[in-house]
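K.L.:
Here the protein sequences come in this chain order: A and B. Take 233 as the starting number for the first sequence in this note's numbering and just add one per residue. Take 1057 as the starting number for the second sequence in this note's numbering and just add one per residue.
Take these hints with a grain of salt, some might be off.
To be verified - Label pairs and their in silico Cβ distance ranges:
1. B:Ser1116 - A:Gly498: 51 to 59 Å
2. B:Arg1185 - A:His480: 28 to 36 Å
3. B:Ser1116 - A:Ala331: 31 to 39 Å
4. B:Lys1165 - A:Asp236: 53 to 61 Å
5. A:Val238 - B:Arg1154: 49 to 57 Å
6. B:Lys1165 - A:Ile495: 45 to 53 Å
Bear in mind the hints are in silico, worked out from the structure with no lab data behind them. Beta carbons are placed, not taken as given, at the ideal position from N, Cα and C, and that holds for glycine.
Residue-level listing of the chains:
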Amino acid sequence: MIWDAVFQPFADFGFMRRALLGCIAISVGATPVGVFLMLRRMSLTGDAMAHAILPGAAVGYLVSGLSLGAMTVGGLIAGMAVALLSGFVTRVTALREDASLAAFYLISLALGVLIVSTRGSNVDLMHVLFGTVLALDDAALILLCAFASLSVLVLALLFRPLVLECADPQFLRSVSGLSAVTHFTFLALVVMNLVGGFHALGTLMAVGIMILPAAAARFWAAGIGGLVLTAIIIAMVSSLTGLLLSYHYSLPSGPAIILVAGIAYGVSLVFGPVGGLIAQALPRRDFEV
Amino acid sequence: MTTAIAFRDLTLGYDRHPAVHHLQTEIGTGSLTAVVGPNGAGKSTLLKGVIGALSPLGGSVIFGGLNRDDIAFLPQQADIDRSFPLTVLDLVAMGLWREIGAFGGLGRKQKPRVEAAVAAVGLTGFETRPIGSLSGGQMQRALFARLLLQDAQLVLLDEPFAAIDARTMADLIAVIEGWHEEGRTVLTVLHDYDMVRAHFPRTLLLARELVAHGPTHEVLTAENQFRARQMCEACDGPPHVCGRSAA
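Construct all of the structure, not just a fragment, from the sequences and the given hints.
P.N.:
The following block contains the structure:
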């Protein structure tokens, strides 16, 4: 029974194994970045960047069809261009970063939909927007695993400056010149993980596997290490469960995975011991001085 | 007395609007100086200019034999995100940045020093507490422990006594006076003129421009305070673009 429900789909079908491996790579690479996005109160920035990569992917598609390399390079260029342009506008004008980012990502999104709609078909648009996790080939898997490895490595190197940039940016500026480097390298990591994620889950859903597990983990762990580890586990379990639901009930895989992550968030919100609704309603057992 | 910091026609500001105009004065090595002035006078902006977080719109900050490693900075508590999941020990250990850098770990030599700094500010037992659970006074003690570990020649404090209790204030003043006795240069933004008179030998009175700088009893006169208030009536409006050319 358990074998049929949980293991059989992966034992019988290569596309399910590939989908699972792709989702695990995204969970390991993107979710820790999502934790820092959340801690920096930039969760919606992740969403904006996810939309911003669309025209790059669309131009890549126009040039080379559904080519992994062209769409990846296009997405990376578009995402970094929006990140750098919005940062530049924030520094040289009175417009705040959230407003300049919103302006650029909306232009970028409109441009992307226009390009895909005028030159492609609805099927192509759906591919870019919602991904094809069940159709990951070897090249896509290698790309996802490479992005995940690079992301974990860079995040490990950047960990201390990033923590300070989040918690006490003035102090970081007083002891080191790494503040700007940290900020832009982190944005590059966000873009890279979103571009990797969109091959499997699409531009709109990629940010879901980044942010939802991070938000859920906030209710289970208090330290940064615990948050990252919990978020990765929640992302992996959501991926596995979403893929199985998709297989057994013929549901679209990407939304199924993100919805399971959403349910994990809801459960955490209620039952999580660190600031969850029930934990807050219960009387405190001890008082520390 | 040698010079620790020289402000040479320094103008600092935001979005090209100056908040400190054409400041020309010097801070002596080993001095204990209070930076005072009405709200919006540019006191915190001046410290940001000294640490390099804000580039001058004009003029310069010149350090007398000091480099970046010799400067320790206490930001306002409002600039710190206390919801971030850091423990007291994590926060204090950041004071060893210059030794361990961005990538090094805490070794056997450093851990006792971090614990000693925590103990010196009376926070023993709080090491594993998240910073979000500390009171304002406890948080300020933790930030002073970080400053102790930085062991810097120039210490810059931005409103170190905002919203803390009297006992914590007395303990932290003792720490500051200890730094002064050790010959370190301390520059502190303050609002309480009585405290400045009681504990700070020198004062820099700012109202976007320099009003006066020197021994506290000569600077904090009724006339200078009246002048600063008058000059800062303009501070209540939006900051204007400076029309004065550099000297």
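K.L.:
Each hint needs a verdict: does it hold in this structure or not?
P.N.:
Verification of the supplied hints:
The supplied range of 51 to 59 Å is met by serine 1116 of chain B and glycine 498 of chain A, whose beta-carbon atoms lie about 56 Å from each other. At about 47 Å, the beta-carbon gap between arginine 1185 of chain B and histidine 480 of chain A misses the expected band of 28 to 36 Å. Here the CB-CB span from serine 1116 of chain B to alanine 331 of chain A is close to 33 Å, well matched to the stated 31 to 39 Å. Distance hint check for lysine 1165 of chain B and aspartate 236 of chain A: the Cβ-Cβ separation is about 58 Å, which falls inside the suggested range of 53 to 61 Å.
In this structure the supplied range 49 to 57 Å holds for valine 238 of chain A paired with arginine 1154 of chain B, their Cβ-Cβ distance being about 52 Å. With their beta carbons about 48 Å apart, lysine 1165 of chain B and isoleucine 495 of chain A fall inside the hinted range of 45 to 53 Å.
Hint check: a violation occurs at hint 2 only; the rest are consistent with the structure.
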